[in-house]
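Colleague: Given the sequences, and given the hints that come with them, work out the whole structure.
Those sequence lines, one after another, are chains V and W.
Anchor point for the first sequence: position 38 equals 38 in this note's numbering, and the numbering is continuous, going up by one each time.
Anchor point for the second sequence: position 199 equals 199 in this note's numbering, and the numbering is continuous, going up by one each time.
Calculated directly from the structure, the hints in this document are not laboratory data.
Honestly, I wouldn't trust all of these hints.
Here are some chain V residues the structure puts well away from chain W; computed CB gaps all over 10 Å [claimed, not checked]: (1) F34; (2) L123; (3) M149; (4) G175; (5) M178.
Calculated lysine-lysine pairs in the DSSO-like style (CA-CA distance at most 30 Å, straight line) [claimed, not checked]: (6) W:K181 with V:K9; (7) W:K439 with W:K3; (8) V:K58 with W:K450; (9) V:K9 with V:K94; (10) V:K9 with V:K58; (11) W:K439 with W:K450; (12) V:K58 with W:K181; (13) V:K173 with V:K9; (14) W:K181 with W:K348; (15) W:K450 with V:K173; (16) W:K3 with W:K348; (17) W:K281 with W:K439.
Since the structure is predicted, the reported quantities are computational estimates derived from the model, not experimental observations.
Even for Gly, the Cβ is constructed at its ideal location relative to N, Cα and C.
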Amino acid sequence: MSARDSDRKRELLGLYNEPDDAADAVSRLRGVGFGGNDIEIISATPYPEGAFGEQHAKHRLFAFPFAGAACGLAVAIAWHIGAQIALPIVTGGKPIVAVPAIIQVLYEGTMLGAVLFTVLGVLFESRLPDGIGVYDDRIADGLIGVSVMARERRIPDAQIALEEAGAVDVLSKDGSLMRPAAASP
Amino acid sequence: MIKPEAVGLSLTLRPPYRPSTIAINRKSAVVVGVGLLAALGVVMYVVKLFSWGDRAEWAYPAAITLFVLSSVSAAPLVAFASRMARGYWGLPARRVVELFALPSMLLFALLIPILGSLPPFEQDGVTRANLWFGWGGGAPFLTDQLAVSVMLLAGGALMWFAAVPDLAGPPSRVRAMPAWKRLLFLNWTGTKRQWIVLRTSMRWISAFYLMMYVFVTMILTTDLGQSLLPGWRSGIFPAYHVITSFQGAIALIVITLFLLRRYAPSVGQFIGDEQAASLGKFLLALTLFWFYFFWSDFLLVWYARLPSEVAAVQTNVAVTYIVPFLIAMFGQFLIPFVTLIFNPIRRKLARLTAVSVVVLIGLLFDRIRLFVASMSSENPFSHGLAELPEPYYPNAIDILFMIGVVGMVAAIYLWVLTRIPTPGGWEMREGAMYRREQKYMHAEVLVLGKPD
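Modeller: In structure tokens, the structure reads:
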């Protein structure tokens, strides 16, 4: 095996019947040196954050509504000020660009931007590919998956950690890594 | 103690409880009837289009449109409230109410001719009252429709995102989808990050929906109401409209839950007195709010005695539309107040449903007295009514139009029930994870876990 091959990361997925076993797997993986970013939990039901001892999953969704609101506000301001300046009519002695008179449309523009960008943000955060290469339909049947990205040379460590935590099965891209006798139904 | 339905507490994570779509027999008399009513609604809408620009002709359509806004469009907010307050009673109802986002899309089509019939802000050098300071950049048609579109977009996104984990199916199915469809299903696998993004987005979008709902109510009630009836000036009216809309939404949800419990066992098995007790409290509180907002509004006019304001109140409250007003007062306040103060009525779904029907009837007549009066007002450019107008009665087409709109809402809702699994499976499973009935001394108590 070349040095490049041993540095390449591969994904392993351990499947567990019980949440406690999945939490144990995360703890064992950490114990043998796998970092928080290498470990991912997959489940059909949302568990509380940190239930498995996993690291907080980072995302940037919160930035999208603010960015969208700022863009929407800017467009609304440009639209309004442009219209007022293009056709300057003094109404009731008020300034040509009077904020109270345009605040509703500024609000609409801001909200439109915020909603659109939030929807786009959700799509962005669900982007393809998502880094999860190994999956198993048994997760949809209630098993809990613990996915770990490991360098080639560390695959045995990861596999042992996953198996010792009571995995029902351990999968790689090429299929099950567990011996048929060891894999419980 | 009011207990959740036992089946809701006994849901398992493995094998996971998976909701199904509701199978509807298309040949049943009720479904055929709803379909015919929906077709009637489409026909009446087309027939009414021949009256394009005639504002009074659109008076009753405006009333029923605002009735839809006040009940159907407000319903998804109950899911938001229940999630924000960690109200587990709402678990079986959340998907049921979110699905109302789809029929509320009708608003957009209904508002096109209604807004198109509004007079310009300025005519012969005279300006009528409006929120837009006479702005000529497309107000009120474009601005109102834009606001409605943003609200509907938020409602649709909320409904879809909440349903994705139940709709997507196993990862192999999602992976086999074409890229665009996979993205539409948020590339769903169920990773921790996906769950967090899903929850965060639902919180944001729900909040935006609420913000837009209140805004849409403010501009529509002003553009179709206060700005058309001379002398009608009220700062509290949009708030009154929002509060009565929440009341209408709760009533609609109670009726829907009752019907689902009775005719759709797959959903109905989770619905019971726990939902009735919580929704009943809301309904009672909102009933009291009705009086507070109405009285606050009315008292100022009564005390100030400005002739133009008095004439407006005489029009839509005391003289011209007194019959619809009385029906509204009895339906939205007196009957629900007198009945809902009693626990045996408020906590039983069937009895609460009967009260809810009365509330919705009251709401419809409330919208009629408010918006038929304004839409049929002869001269919105004057500063006050010289004499009180005669009531504007509906003709056969108006009545059929209103019935048809109700039919369209019901038909779309039934259709979406056959497409999106109900109730929300992942939230039901999560709820089962956090709730247990336990013995405490000699009593059975409900132990709740609230993770965040």
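Colleague: Could you grab the alpha-carbon distance between K281 (chain W) and K439 (chain W) and see if it respects the 30 Å cut-off?
Modeller: The given pair, whose Cα atoms are some 27 Å apart, holds under the 30 Å limit.
Colleague: K450 (chain W) and K173 (chain V): Cα distance at most 30 Å?
Modeller: 37 Å, violated
Colleague: For the pair supplied as a hint, K439 (chain W) and K450 (chain W), is the alpha-carbon distance within the 30 Å limit?
Modeller: Status holds; Cα separation ~20 Å.
Colleague: Is K58 (chain V) close enough to K181 (chain W), meaning Cα to Cα at most 30 Å?
Modeller: With a Cα-Cα distance of about 25 Å, the restraint between K58 (chain V) and K181 (chain W) holds, given a limit of 30 Å.
Colleague: Just double-check M178 (chain V) for me: nearest Cβ-Cβ distance to chain W has to come out over 10 Å.
Modeller: The claim holds: M178 (chain V) sits with its nearest Cβ about 19 Å from chain W, beyond 10 Å.
Colleague: Holds or violated: are the alpha carbons of K9 (chain V) and K94 (chain V) at most 30 Å from each other?
Modeller: Cα-Cα ~66 Å, so violated.
Colleague: Straight-line Cα separation of K181 (chain W) and K348 (chain W) no greater than 30 Å?
Modeller: 43 Å, violated
Colleague: Does the alpha-carbon distance linking K58 (chain V) and K450 (chain W) stay inside the 30 Å limit?
Modeller: 22 Å, holds
Colleague: Hey, K439 (chain W) versus K3 (chain W), does the alpha-carbon distance stay inside 30 Å?
Modeller: Holds - the C-alpha atoms of K3 (chain W) and K439 (chain W) are around 13 Å apart, at most 30 Å.
Colleague: Beyond 10 Å from every Cβ of chain W: is that where the Cβ of M149 (chain V) lies?
Modeller: 13 Å, holds
Colleague: Just to be careful, I want the Cα atoms of K173 (chain V) and K9 (chain V) compared with a cutoff of 30 Å; is the pair within it?
Modeller: Within the cut-off at roughly 12 Å; holds.
Colleague: Take a quick look at F34 (chain V) and tell me if its Cβ sits farther than 10 Å from every Cβ on chain W, holds or violated.
Modeller: Per Cβ check, F34 (chain V) is outside 10 Å of chain W; nearest 15 Å; holds.
Hint compliance for this structure: hints 2, 9, 14 and 15 are not met, and every other hint is.
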